[in-house]
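Those sequence lines, one after another, are chains A and B. Positions in the first sequence are counted from 1; adding 20 to them yields the working numbering. Positions in the second sequence are counted from 1; adding 20 to them yields the working numbering.
It is worth saying that the hints were derived from the structure and are not from the lab. Some hints here could point you the wrong way.
[To be verified] Label-pair ranges, simulated between beta-carbon atoms:
1) B:G532 to A:A77: 44 to 50 angstroms
2) A:D55 to B:E368: 51 to 57 angstroms
3) B:T444 to A:A77: 25 to 31 angstroms
4) B:D327 to A:G224: 37 to 43 angstroms
[Stated by the list, open to error] The list that follows gives simulated cross-link-like pairs (lysine to any residue, SDA-like), each with its CA atoms no further than 25 angstroms apart:
5) A:K153 to B:R128
6) B:K153 to B:G532
7) A:K420 to A:V373
8) A:K243 to B:C273
9) B:K243 to A:R259
10) A:K243 to B:A272
11) B:K153 to B:R128
12) A:K533 to B:H147
13) B:K420 to B:R520
14) B:K153 to A:V124
15) B:K153 to A:S478
16) A:K420 to A:G446
17) A:K153 to A:N515
18) B:K470 to B:S342
19) B:K243 to A:N430
20) B:K243 to A:R271
21) A:K533 to B:W542
22) B:K470 to B:D453
23) B:K243 to A:P488
24) A:K470 to B:K153
25) B:K153 to A:A299
26) A:K392 to A:A332
27) B:K243 to A:H401
28) A:K533 to A:V547
29) A:K392 to A:E303
30) B:K470 to B:G445
31) A:K420 to A:D380
32) A:K117 to A:V86
33) A:K470 to B:H519
34) B:K153 to B:T543
35) A:K243 to B:W542
36) A:K366 to A:K243
37) B:K470 to A:N155
38) B:K243 to A:A272
39) B:K392 to B:P402
40) A:K470 to B:L521
Just so it is clear, the structure is predicted and the values come from calculations on it, not from any experiment. Quick reminder that beta carbons are idealized off the backbone N, C-alpha and C, glycines included.
There are 2 protein chains.
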Amino acid sequence: MGLQPVLINGTWRQDNAPEGSFRATNPATRQFLPDEYPVSALAEIELAIEAAHVAMAELRLLEPDVIARFLDLYADNIEARREELVELANLETALPKEPRLNSVELPRTTNQLRQAASAVRDRSWRHATIDTKTNIRSIYMPLDGPVAVFGPNNFPFAFNSVAGGDFAAAIAAGNPVIAKANPSHPGTTRMLAEAAFEAVIAAGLPRAMVQMLYRVSGENGLKLVSHSRLGATGFTGSRRAGMQLKDAADRACKPIYLEMSSINPVFVLPGALEERAEAVAAELITSCLMGAGQFCTNPGLVVLLDDDEGRAFMSRVASGLSEAPVGVLLGERGPGHIREAIGQMKEEGAEIVVGGDVADTPGYGFHNTLLKVSGDTFLQHPDAMQTEAFGTVSLFVLAKDEEQMVAIANSLDGNLTGTIYSHTGGADDALYDLLEPALAPRVGRLLNDKVPTGVTVSPGMVHGGPPPSTGHPGFTAVGIPNSLVRFAALRCYDNVRLHRLPNELRNENPTGKMWRSMDGQWTTDSV
Amino acid sequence: MGLQPVLINGTWRQDNAPEGSFRATNPATRQFLPDEYPVSALAEIELAIEAAHVAMAELRLLEPDVIARFLDLYADNIEARREELVELANLETALPKEPRLNSVELPRTTNQLRQAASAVRDRSWRHATIDTKTNIRSIYMPLDGPVAVFGPNNFPFAFNSVAGGDFAAAIAAGNPVIAKANPSHPGTTRMLAEAAFEAVIAAGLPRAMVQMLYRVSGENGLKLVSHSRLGATGFTGSRRAGMQLKDAADRACKPIYLEMSSINPVFVLPGALEERAEAVAAELITSCLMGAGQFCTNPGLVVLLDDDEGRAFMSRVASGLSEAPVGVLLGERGPGHIREAIGQMKEEGAEIVVGGDVADTPGYGFHNTLLKVSGDTFLQHPDAMQTEAFGTVSLFVLAKDEEQMVAIANSLDGNLTGTIYSHTGGADDALYDLLEPALAPRVGRLLNDKVPTGVTVSPGMVHGGPPPSTGHPGFTAVGIPNSLVRFAALRCYDNVRLHRLPNELRNENPTGKMWRSMDGQWTTDSV
Numbered sequence: 021m022g023l024q025p026v027l028i029n030g031t032w033r034q035d036n037a038p039e040g041s042f043r044a045t046n047p048a049t050r051q052f053l054p055d056e057y058p059v060s061a062l063a064e065i066e067l068a069i070e071a072a073h074v075a076m077a078e079l080r081l082l083e084p085d086v087i088a089r090f091l092d093l094y095a096d097n098i099e100a101r102r103e104e105l106v107e108l109a110n111l112e113t114a115l116p117k118e119p120r121l122n123s124v125e126l127p128r129t130t131n132q133l134r135q136a137a138s139a140v141r142d143r144s145w146r147h148a149t150i151d152t153k154t155n156i157r158s159i160y161m162p163l164d165g166p167v168a169v170f171g172p173n174n175f176p177f178a179f180n181s182v183a184g185g186d187f188a189a190a191i192a193a194g195n196p197v198i199a200k201a202n203p204s205h206p207g208t209t210r211m212l213a214e215a216a217f218e219a220v221i222a223a224g225l226p227r228a229m230v231q232m233l234y235r236v237s238g239e240n241g242l243k244l245v246s247h248s249r250l251g252a253t254g255f256t257g258s259r260r261a262g263m264q265l266k267d268a269a270d271r272a273c274k275p276i277y278l279e280m281s282s283i284n285p286v287f288v289l290p291g292a293l294e295e296r297a298e299a300v301a302a303e304l305i306t307s308c309l310m311g312a313g314q315f316c317t318n319p320g321l322v323v324l325l326d327d328d329e330g331r332a333f334m335s336r337v338a339s340g341l342s343e344a345p346v347g348v349l350l351g352e353r354g355p356g357h358i359r360e361a362i363g364q365m366k367e368e369g370a371e372i373v374v375g376g377d378v379a380d381t382p383g384y385g386f387h388n389t390l391l392k393v394s395g396d397t398f399l400q401h402p403d404a405m406q407t408e409a410f411g412t413v414s415l416f417v418l419a420k421d422e423e424q425m426v427a428i429a430n431s432l433d434g435n436l437t438g439t440i441y442s443h444t445g446g447a448d449d450a451l452y453d454l455l456e457p458a459l460a461p462r463v464g465r466l467l468n469d470k471v472p473t474g475v476t477v478s479p480g481m482v483h484g485g486p487p488p489s490t491g492h493p494g495f496t497a498v499g500i501p502n503s504l505v506r507f508a509a510l511r512c513y514d515n516v517r518l519h520r521l522p523n524e525l526r527n528e529n530p531t532g533k534m535w536r537s538m539d540g541q542w543t544t545d546s547v
Numbered sequence: 021m022g023l024q025p026v027l028i029n030g031t032w033r034q035d036n037a038p039e040g041s042f043r044a045t046n047p048a049t050r051q052f053l054p055d056e057y058p059v060s061a062l063a064e065i066e067l068a069i070e071a072a073h074v075a076m077a078e079l080r081l082l083e084p085d086v087i088a089r090f091l092d093l094y095a096d097n098i099e100a101r102r103e104e105l106v107e108l109a110n111l112e113t114a115l116p117k118e119p120r121l122n123s124v125e126l127p128r129t130t131n132q133l134r135q136a137a138s139a140v141r142d143r144s145w146r147h148a149t150i151d152t153k154t155n156i157r158s159i160y161m162p163l164d165g166p167v168a169v170f171g172p173n174n175f176p177f178a179f180n181s182v183a184g185g186d187f188a189a190a191i192a193a194g195n196p197v198i199a200k201a202n203p204s205h206p207g208t209t210r211m212l213a214e215a216a217f218e219a220v221i222a223a224g225l226p227r228a229m230v231q232m233l234y235r236v237s238g239e240n241g242l243k244l245v246s247h248s249r250l251g252a253t254g255f256t257g258s259r260r261a262g263m264q265l266k267d268a269a270d271r272a273c274k275p276i277y278l279e280m281s282s283i284n285p286v287f288v289l290p291g292a293l294e295e296r297a298e299a300v301a302a303e304l305i306t307s308c309l310m311g312a313g314q315f316c317t318n319p320g321l322v323v324l325l326d327d328d329e330g331r332a333f334m335s336r337v338a339s340g341l342s343e344a345p346v347g348v349l350l351g352e353r354g355p356g357h358i359r360e361a362i363g364q365m366k367e368e369g370a371e372i373v374v375g376g377d378v379a380d381t382p383g384y385g386f387h388n389t390l391l392k393v394s395g396d397t398f399l400q401h402p403d404a405m406q407t408e409a410f411g412t413v414s415l416f417v418l419a420k421d422e423e424q425m426v427a428i429a430n431s432l433d434g435n436l437t438g439t440i441y442s443h444t445g446g447a448d449d450a451l452y453d454l455l456e457p458a459l460a461p462r463v464g465r466l467l468n469d470k471v472p473t474g475v476t477v478s479p480g481m482v483h484g485g486p487p488p489s490t491g492h493p494g495f496t497a498v499g500i501p502n503s504l505v506r507f508a509a510l511r512c513y514d515n516v517r518l519h520r521l522p523n524e525l526r527n528e529n530p531t532g533k534m535w536r537s538m539d540g541q542w543t544t545d546s547v
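The shape of chain A in the complex, shown without the other chains (with noise of 0.2 angstroms):
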């Protein structure tokens, strides 16, 4: 059986000369998957950041319109598909058809795709900004080169580099995309550049705005990055692999919007414990289960008091995590790289509660795990502490006071969310008030009484925050419109005569309903 075909320059072939070939494999059965895909060489990523110069002209000279109509063209053809589409994504990843695959990571993959569809048509996401008295005018404009998606291996639909946020956001901007997929989902993604292709032609936009490789070399990924000709890259993915991309990317000066790692701080306060420890323990379970722990909100580190409470809290989410089936992880090395996440931890003192070993399975999994570590030595080793360990693995940390917990929030890294559950009645609000100036700074999303795992699709989301879980703390990945404007340069037209200016810009509102601030001030009216 031959490689299957890449998506270049318009066009599904063969890949023209491949280092090299792979196969997925069933991570619940460790067997690997038929199908062979190949490992594009350079030339082959030339041709496609040439290829997609080529679509920017082209896409020049059509409206806007157009983009918006392949974003829902696309969204639709996902739902027409869906159910080979949750068949392969399961075999590829084992994650459950349901209700994860089919009825909540699918529809919310073509939500967003929509979500972007409508912010092309609604066109405020540009903040045009016109001066009348001076006629100096700026709005937000494609890149000038295609955007390189790399998508991570924990949602097959919803990040995927060829279907997910980062394609969403990028395609919306204006720009052609370059999907890099993950190589533990191969299928998946070929079955979403299928509908996304037929999407292309049916729409009308160019044929390579859309173009999609399985696998490169690390190399070769750094050549991508930061190649002269590209706009941006999109990543989600491991610290280690983004930020060797980072520094390739910094190099050449392009930009890079990574998504990384995040422990997820979870404070739980002694109100909180008091009032309601069995729901908030109830919730915290599921959370630290959902996706076999793979997610990038997963809650690895819980902060309490060292009380009866306290002790007698970490025991319930013990309880609940051993009790609860271990479940299948993404990939061959995830097992061992949570072994030695874990080992990083016990090394400075951190104890294993419940779990700790690589479990028996049918499958590639992990015990569900939970270590504890007093708020002494975690200060002791703040850095080791913080490990990423990219499975169902909490870290409780048992304060000796609530300065301990303050001083614990203020030795944190930079991560996706920090949560705080406390008191309704107000018991812990002295608390939280010196908790959360330590916490709120270190984190993209602050949460109240809230699991972080879940991230809605909506305008207020911040998917982001300080490094390491992403490279730059002012940015969002998820969350329409604010993650467009990562893929696009910032222009201004300065004395440019009327009718030469983009139509965002004209006096006339081109939609009568697109936002622009005109001298200070937000407006749908004309000039």
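Fit chain B to the known structure of chain A by using the hints.
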């Protein structure tokens, strides 16, 4: 005489243990000025960073209007010291007192500070986003550490590290600033810092909101921008220094915003020459000579057709430049740098039309220079031909036809600005339509029929552009409020109890006038 004091941790005091000292030079006489300034060591930098963190904690307890009051008072203080500031800046930079320092740059500086004050009061720049159904809310917040500002040599007031655009933006966004003076005008910077510090006290801002050092070693500059407790850096200066700082900051995942080098291409289309060659030449000559050519928006590259009109236009500009007096360059190294840059162009085939030599003047000087090159030769060596010569030096490219003009545009690096002069009656429109798609993505600001020097401080302005003009194409260094977001973190509040939210995200509109994006629509209403 002792060393001049530094401003650290809310006190003017002697540097604790300077690594060395330096004096500034009067560029008009090449003589040292009397005052001596310390080169500060790493320990002083670290003290400043820690003091800034204390200021951040104090600032959280204050109303945002304190910052606005500071900015307004500071502008008043600058005006009250107008005469001595202009006197000293003239001594240190040789820039003319009139109109430049007194009637142009100083008012621009105070205007910018007052616009920043308005933005603080208005709060709309914070892009408050409220999703009422999900109670997810997000907003730009200050960074988790102070902003280091490195000012350039060419604008002692308007881009000064303790008074200019980056300073105003960083402070208005709620961050303490650690200003690193440009060593070519340390006295001006000290005087501004005194005016700033008096305003800090009078406004009731935390004393360490504004700190100032005169100079640090290159090595310590890298440590400053990559310090784990720093928020971000704003840098205006040379490409070489900027790229070194960027490399250090990037590795530490610290945001850095750079405004580096730009040759600001000007395309003069045949219809414009036919219609108004004399007027365009006069504008261009004035623009080339501004600040002895030491403007970041100085037109260093002029592209036109190699025909009778094009050559006549070039001769006219050459005459104008050679008849104009030789300006005084800002520093000792200026003439050598210009000679070196011109040497690179000559080596690849550019020819001197006028100028080309160091000037034998009392001050640092270089003869006003115009070089020419054929379009063919330019396209063979586009990199060398785009060498920035920081002075009155312009390379005229004589293109053999219109197609070659477009090819030249396509060969350009990123620039702050790009200008097209064209026939007012539309005779050049066909060429414009080919040229614009090539030029526009390569510049931050596209101009029609207007020289690029003169950067209006207004909301629509973009003083940015693709690398190497800056480090990232999505931001602007000038233009309030858009320049503020560089120094802000995007933070989200998910299910946070209403009374715990920042004022700007609570249900009631805090000013009644602040623009907030609510459920996708901009509004000044309360929830």
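Can you list which hints this structure breaks, lowest number first?
11, 13, 31, 32, 35, 36
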